[in-house]
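Number of protein chains: 2
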Amino acid sequence: MRLVDLPTPCLVLDRQKLQGNIRGMAGILARHGVPLRPHMKTAKSIDVARLVLEGQPGGITVSTLAEAEYFASHGIKDILYAVGVTPGKLDQVARLNESGADVTVITDDPLAADAIAAHPAEIKALIEVDCGEQRGGVLVAEDLISELAERLGSRLVGVMTHAGHSYQGRSVAEIAQIAELERSHAVYAAQRLRAEGHKIAIVSAGSSPTGRHAETMTGLTEFRAGVYMLGDLFQAEIETHGRDTIALTVLTSVIGRPGGRVLIDAGALALSKDRSTEAAPTDYGFGLVRDIQGEPALGQAIVRKAYQEHGVVELDPEFPMELPVGTKLRVLPNHACLTAAAHDRYYVVDGTDEVVAVWPRMNGW
Amino acid sequence: MRLVDLPTPCLVLDRQKLQGNIRGMAGILARHGVPLRPHMKTAKSIDVARLVLEGQPGGITVSTLAEAEYFASHGIKDILYAVGVTPGKLDQVARLNESGADVTVITDDPLAADAIAAHPAEIKALIEVDCGEQRGGVLVAEDLISELAERLGSRLVGVMTHAGHSYQGRSVAEIAQIAELERSHAVYAAQRLRAEGHKIAIVSAGSSPTGRHAETMTGLTEFRAGVYMLGDLFQAEIETHGRDTIALTVLTSVIGRPGGRVLIDAGALALSKDRSTEAAPTDYGFGLVRDIQGEPALGQAIVRKAYQEHGVVELDPEFPMELPVGTKLRVLPNHACLTAAAHDRYYVVDGTDEVVAVWPRMNGW
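Same order as they appear, the protein sequences are chains U and D. Each residue of the first sequence is one higher than the one before, counting from 1 in this note's numbering. Each residue of the second sequence is one higher than the one before, counting from 1001 in this note's numbering.
Don't take every hint at face value.
To be verified - Capping the alpha-carbon separation at 30 Å, the derived lysine-lysine pairs in DSS-like fashion look like this:
(1) D:1305 x D:1199
(2) D:1328 x U:124
(3) D:1328 x D:1305
(4) U:328 x U:305
(5) U:328 x D:1199
(6) D:1077 x D:1124
(7) U:199 x U:305
(8) D:1199 x U:305
(9) U:124 x U:77
Don't read these hints as lab results, they were simulated from the structure.
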């Protein structure tokens, strides 16, 4: 099967680029001497997980309990569920662990900490620390962090943080500074809790940009990153990786040329309505358009509008193209996590237009 | 099962509101004497289709061939695939029709028209007309419309148009004007082609806003609309329906209160990144937050930020709420078509918090 034969829209995953991205991050972490706990929230695929876990301890990170169920069912046991757990979700975690998984939860909340401590299953927990993003997490200087540790008691096994604000960094130097905030907050929290007598085995931090640009990871016991595997235009814009290493594209067909416009069958569902590059140095609309080989034959053609099933391509005037109805194109996504989530499989290529594998992906909750 | 027991995030569908919306549009169309061909791209559910088809001829509209496959497999035969078809998709249409379906395609393109005419299966086609949106469709004054009719030959059975620009209308009077443009373009195209000797049985138009506000539908043989069934904040803002008739909400749990913030487990995947209300009179961020009963106990609390799995709620200062971790809330969506697409089922309620049914929905391509 070749790309030209595929139904559109669909996801294409370039295995060579994927493996290059995986090797790149693995090499960085090896130099830092810190193991990777890959975040599978972007790829949501056991096939990708197997590639990224080569040479790593074997634990992963997930963003939903549905991901935990999926990966556990495929033999991955050591799972960090890295979104604040509610008391109502603990029974599901307990059932997963009873069936052989080893799911650790996170919390920044006294009520949740009490529920974790009181649950009959011995569910391990990390305290989530805010390293400056102001999303989830307690501040390391607050007394709340000690209170949470007390409430969790023996269930407490470590601390974690995520520098989501690294996505707002607009230079390598700035992201390196945010990486140091991420590292130092996690390490400080661990030191504080150890000084208070708590056993802190896990000091976990991570994001793709900070992984790429951190100067040191001293004191961390593991690093989490996910989107770098597939890559996207936004990550390229903030220099997590080059634009030519984006492994994920949406294959689409030209479905109309009315009035000279270029309509494609990749719209808001196939691409997502993510507009993250709006705030980046280059705004790619809803995605950057390549030819079926993934080559920049269309220059800076972008998807300017996205209706539910229609995309409207704005051509680059320096790259005039005929693009008759039926022409297949590939769109580089703004944000891989959101684009991939509309699709149930990857059509895998290996540097050519031959489809060498179909990898299922899971979605939902 | 009650709402409080459901895993979050998930979709809740209020059947009373759904049925009210369905009755409302059916009543309008009955007064116009025009049958409904409901667009199932929003609901993507056979259970919703059965409700909306009561008292109608039985044909539906879809936006993907996957929807056509799904509804045909559930016994709905008369299907309009209302996105420009590519030559490469005709074999799938032919297979569907061989298996008993009756799928009609649309085109605005000479190459596609030739492929339809040349296909061994006798696939019926409508010519898509542009009534001012400047998305798909030929202009009614262009010679291209006659050329397409000639090329399609006996496969031509009608014309269709969609006033997507009714979504840009900001008053009932303006939407009524756009409705008249939609109607008159379809009727004019039909008259022109009939005068040229073509048999035009189908004159199809529609969108939810123009359905609601059209003053006349004279000359149309069918009307298409979809999002009005579930409703959303954007449609409420442009007065397609009232805000209290939105039948679709996302049930979510509070997952953290760090620094007094309200984090919920409905983020960019569960809600979508659609920001259509940004351009509406009231900007609801990523959605308007209600209590678990769907009541406005939180005033104008909105989801201000949407990360992959985290939403951040901005509370209404006039409605201070405690909202401890685990509290369940419901979020009214900006755009039902996109929000629903991340979910594989509806939990159906009937005016109370009791779940009376679970209706699967299909997604993807």
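Handout entry: Given pair status - residue 1124 of chain D, residue 1077 of chain D, alpha carbons within 30 Å
Key = Between residue 1077 of chain D and residue 1124 of chain D the Cα gap is close to 14 Å, so the pair holds against 30 Å.
Problem - 30 Å Cα cutoff - pair residue 1305 of chain D, residue 1199 of chain D - result: violated, 53 Å
Exercise for the section: For the pair supplied as a hint, residue 124 of chain U and residue 77 of chain U, confirm whether the alpha-carbon distance does not exceed 30 Å. Expected result: holds, 14 Å
Handout entry: Given hint residue 1305 of chain D paired with residue 1328 of chain D - CA-CA distance at most 30 Å
Key = Holds. Residue 1328 of chain D to residue 1305 of chain D sits at ~18 Å (cutoff 30 Å).
Problem - Proposed proximity, residue 305 of chain U with residue 1199 of chain D (alpha carbon, max 30 Å) - result: violated, 35 Å
Problem - 30 Å Cα cutoff - pair residue 1328 of chain D, residue 124 of chain U - result: Holds - the C-alpha atoms of residue 124 of chain U and residue 1328 of chain D are around 24 Å apart, at most 30 Å.
Exercise for the section: Below or equal to 30 Å on CA atoms is what counts here, so check residue 199 of chain U against residue 305 of chain U. Expected result: violated, 53 Å
Problem - Agreement of residue 328 of chain U and residue 1199 of chain D with the hint, judged by alpha carbon distance not exceeding 30 Å - result: violated, 34 Å
Handout entry: 30 Å limit on alpha-carbon distance, applied to hinted pair residue 328 of chain U and residue 305 of chain U
Key = Measuring from Cα to Cα gives roughly 18 Å; hence the hint holds.
Checked against the numbered hints above, the structure breaks hints 1, 5, 7, 8 and satisfies the rest.
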